[in-house]
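2 protein chains.
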Amino acid sequence: MDASNDPGLRCWLTAAAESEFPIQNLPFGMFTTAGDDQPRAGVAISDQIVDLVAVERGGVMSFPTETMLRDNLNELFEFGAGPVRRRVSELLTAGNNELSRVDNRGILSRAAATMHMPFRVGDYVDFCSSEQHATNVGRMFRPNDPPLMPNWKHIPIGYHGRASTVAVSGTPVRRPAGQRLGADGPTFGPSRRLDIELEVGFFTSHPTQLGDTIPIAAAHDHIGGVVLVNDWSARDLQAWEYRPLGPFLGKSFATSVSPWVVTVDALAPYWVEAAPQDPAPLPYLAATPNRALDLQLEVDLNGTVICRTNFKDMYWTMGQQLTHAASNGTAIRSGDLYASGTVSGQQPDQFGSLLELSWNGERSIQLDNGESRTFLEDGDTVTIRGWCEMGHGQRIGFGECIGTVLPAKDDGGGI
Amino acid sequence: MDASNDPGLRCWLTAAAESEFPIQNLPFGMFTTAGDDQPRAGVAISDQIVDLVAVERGGVMSFPTETMLRDNLNELFEFGAGPVRRRVSELLTAGNNELSRVDNRGILSRAAATMHMPFRVGDYVDFCSSEQHATNVGRMFRPNDPPLMPNWKHIPIGYHGRASTVAVSGTPVRRPAGQRLGADGPTFGPSRRLDIELEVGFFTSHPTQLGDTIPIAAAHDHIGGVVLVNDWSARDLQAWEYRPLGPFLGKSFATSVSPWVVTVDALAPYWVEAAPQDPAPLPYLAATPNRALDLQLEVDLNGTVICRTNFKDMYWTMGQQLTHAASNGTAIRSGDLYASGTVSGQQPDQFGSLLELSWNGERSIQLDNGESRTFLEDGDTVTIRGWCEMGHGQRIGFGECIGTVLPAKDDGGGI
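In order, the protein sequence lines correspond to chains W and H. Residues are numbered in the working numbering as their position in the first sequence, beginning at 1, plus a constant of 24. Residues are numbered in the working numbering as their position in the second sequence, beginning at 1, plus a constant of 24.
Only chain W is shown next, with the shape it has when bound in the complex (with noise of 0.2 Å):
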């Protein structure tokens, strides 16, 4: 194991053992400050940020050069997250006084940040790889057919998304209007299905040139980062327009991202042997072994957690997500977006959309302040969270991807 990951590795700031970004996290975001609204790099501990430009200017860090510390994460992620993150693992041990060279050691507060994008995004791809949410959507919207469709146990099926509106946690959502069909045809409104789901996604890190694949054996070389993921969903909009060529806009107003990357070295204890595929994939797609990630994850509405469920059981893993999506000889450049689809556990309560959840709007979901819901309403706010166990109460922490609904900006009557 890393250094970096040892459960026994302590850091100067005795707080930071009991928070959910101890030392062994350190995970990557871009934020701003007060005083300086240009986006830079930053690494949290606990409840502070290391600010990477101020350490790189301080002299503490020989590398990387500075640009590659403004705007987003594309660039450091590129030449290499891994000694970065070794470097500040390093600095953060207590004994290490380095730091005491830079302004304020380096390190504010993370109540005095505002977060961003950490990456532009160059493509986002949203999969659909849990098997008890395709089942789950099968049984809702074809009763008489196989729920899962035939390729659907050989392919890890996925679509291109929209790009520019993948945001950061904290972003508010805006209802989205659009094209609903009703029993005298369709109209133009606002979405009365408005939806979540529970996702996680990884950032890509090494590129690849036009032409070139990743063989599944090299796939995590490619993976940069983890985040939470929410892919607001208008199921209106997207059952009306999805056939033949998929969901559009139904999708493609607002897709969430948690602002903190987990990188795949801390990740580097929390993956265990994905369980047995059947059929057997195609060799491409054959991991040995085939990593899932074991992560768990809730989703709140409006302080009722309505979800619990865990990230390993998805069916198809990020590894043969990005060995397949790849595999045509697509360019993968740093920062492409590539979110798990729904993870939907088997029991009623591990479903991570309120369509599951509501059984296609039959049944309420009961929240604790006596409300209840199918679909969101305005002013409705969703959080997800996520955390791998490190044991001893003590959690690798993906922080919160948070969004709260806003109401459509017209009445529907028109653009």
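Heads up, some of the hints might be wrong.
Which copy is meant is left open, because identical chains are indistinguishable; a pair holds if it fits in one copy or across any two.
Taking lysine to aspartate or glutamate pairs in the EDC-like style, the calculated list, with each CA pair at most 20 Å apart, reads [as the list claims (entries may be wrong)]:
1. K336 / E297
2. K177 / E424
3. K336 / E413
4. K177 / D337
5. K177 / D208
6. K433 / D236
7. K177 / E155
8. K433 / D26
9. K336 / D373
10. K433 / E90
Think of the hints as simulated: they come from the structure by calculation, not from any bench. Everything numeric in this text was worked out from a predicted model, so none of it was measured.
For chain W, the structure is supplied; the task is to place chain H on it using the hints.
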């Protein structure tokens, strides 16, 4: 009419009138020369290029700044290509000698230039807006159902494609490998049904913010310029993967665009009223007038023209496509690419894909060299050409969109 579109306007480059790039056209592109590998913006005139950086440095054009002329056209079109084109038109008009103050008059031979991607593509959307194409595909693949889906005449159906593999004309196209369904289930290997799609696309100019929409009357204000598009398609990969989330790897290996972006200003005389739509579109899509582009198109395969058609017969127009795509409040950036979908006319020699020309591989397409094709073979070269007729034999040309098929990288046994 803008003076720059006047058919009587004459350039001091006397050969320009017979070219598809006369002074009434003046499309923008990005180029490099042997001695300078920094892509810079130019305007095509006849068989020459006006080097906008040289003209700017020569002090003849006080705007835009040189920064806007580097790497891609995104900033220039966000600023506004119209004023720049009108100034270049003045400089090239017979009698004007201002360019004599610039080294070599700021002009170089197109033969000495290498063309690059005109824009950094933020998001790429591909529509399916030809009724004949949608009907043909429906007849082939769903022979027992109505050929058009119930949504087709209500929605300009589209989906997100992959931005990273949109490439400039001339970029070779590697035959992709992928999953193909056979009698014994899927296997992985090179596509056996490699196809083209004749399309026309537009790049956006002025951006919108998250939550904004674009009223139909304002749609053309956001269209910067138009290019020819070849949406290369692997039909066997596509057929197996596309349900229920749409095309993914069957499309994302390559999309070619012509290098010279013909501006909406140059196209002003060539918009015609689109055919009436039945049923009437919902109010947000009801354009008055509903403008179609009278653009002649042809597809050449290894020297034989296999398709001649016209873009004006598309069911959904560019304005409707953009207004629909923005109707859910998604953010539009300068340099997004919106492609039309396959342009197919009603006659069999007007079909814009080999899938339709060969009717799903049932009919051979005869070439002038004695060969025949159903789908593409390695080494085949496809050239798309397009032009608007000015009258008197003159044209506003789009140049060419060319690609040659390279063999798959391996024998299909693996990656």
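Results of checking the hints against the structure:
1. K336 / E297: within (9 Å within a copy, 56 Å between copies)
2. K177 / E424: Answer is neither: 31 Å inside a copy and 42 Å across each miss the 20 Å cutoff.
3. K336 / E413: Classified as within: same-chain Cα gap 13 Å, cross-chain 60 Å, threshold 20 Å.
4. K177 / D337: Close inside one copy (15 Å), not across copies (41 Å); limit 20 Å.
5. K177 / D208: between (38 Å within a copy, 15 Å between copies)
6. K433 / D236: between (44 Å within a copy, 9 Å between copies)
7. K177 / E155: within (9 Å within a copy, 34 Å between copies)
8. K433 / D26: neither (51 Å within a copy, 37 Å between copies)
9. K336 / D373: within (16 Å within a copy, 53 Å between copies)
10. K433 / E90: Answer is neither; intra-copy 41 Å and inter-copy 39 Å both fail.
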